[in-house]
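Undergrad: Sequence:
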Amino acid sequence: AMDVMDQFYRYLVGERGFSRKTVLFGLSRGGLYALNWAEKNPLCVAGVYVDAPVCDFKSWPAGSGKGKGSPDDWNKCLRAYGFNEQQALSYKGNPVDNMRGMAKAGIPLLFISRTEDDVVPIEENTDVFAKRYAGMGGPVRVIRRSGGHHPHGFDNPAHIVDFVLSVTGQPVPLRVACLGDSNTFGAGVAGANKDVLRWSHLLGQELRKKFKRKEIEVLNCGVNGRTLLAKGDLPYIKTGEYRNALNSHAQIAIIALGTNDAKPQNRKFLSEFKQNYAAIIAELRENMPGIQIYCAIPLPSWQSSSQIDKETVKNKIVPLVKQVAKDNNCKTIDFFTPFQDKPELFPDGVHPNADGQVIMADAALKELLKK
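Numbers 1 to 371, taken from our numbering, label the letters of the sequence shown in order.
These are calculated hints, taken from the structure and not from any lab test.
Small disclaimer: the values here were computed from a predicted structure and weren't measured.
Among the clues, some could well be false.
[Stated by the list, open to error] In the BS3-like style, the derived pairs of lysine-lysine whose C-alpha atoms are separated by at most 25 Å in a straight line are:
| # | residue 1 | residue 2 |
| --- | --- | --- |
| 1 | Lys131 | Lys104 |
| 2 | Lys209 | Lys370 |
| 3 | Lys209 | Lys231 |
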């Protein structure tokens, strides 16, 4: 395998003009190839991404640890290496034993592995390799996901693309996902230019201007009328926009939900508000490890108790959101305080107009710039 990869590398670089520094991908048994070739040729590698990788053939296919192994593949492995079983089990050339050259060269590694993998157990492969590599000063990141050996990767490959961009010196896009109801969607803004007047769009403009980077995208994942509560009349978690947010590979998420939970038909479920909110936070973190999450304090309502009750928003929803943020180690964005004495910005009593969108964008920008 190493000879074949050497030939392919020489062809791509010498005849096709590719970069002299490659980014290697290794899925499952491909982890052996990618990590071994990087150790053999550290000066030719910019980075390595491995997914549920085999880092020790004694784990798979031998199955000498907690994994179920593969007898047929183990026999193929012995023939390929020219070993008998005793020689193979005492071999010290697996990636878990052989990484010093990569570490010395400072090759960045990205591991994505699953905690219930019974084919290539994470404890015998990823965990052993990553601990030793980090101990040698090598840059390594491990993303642990629930589930078994398959499927590999993410629904949205942006996570892998961003790793490739970063190790090859290219700018990595910054994505902010805005999850919410009609006050995120921008229902209070009218006219032909309503899309560019929404607070999420204004926030993106200001971030790009502030950091002089065009690779900043603020995604509006708001849906009219949606509740945070799973038992609400229109739960946000059942929308396509929620799935889009989960698959956005955003580095920052702003959750702006809770207003519609103050409606009469939804108030009876408020005892489940914190639990439902924490579940959304957990799912965002599961899909986008390392994401920074902001819980937005809802805007005040100027409607009566028969609609979105202003007292429920103020005295119940706002304290609940603050407590959720504290309990789940999230930052907050205060959309409530700037509007307390500005009912004129809410033509229908609940949706801020274009001037209100500017205030919301400013409040969000202020908090993001603190981080």
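Undergrad: All the hints need checking, so say for each whether the structure fits it.
TA: Results for each hint:
1. Lys131 with Lys104: Distance ~15 Å between Lys131 and Lys104 Cα, so the pair holds.
2. Lys209 with Lys370: holds (16 Å)
3. Lys209 with Lys231: violated (41 Å)
Of the hints listed earlier, the one the structure fails to meet is number 3.
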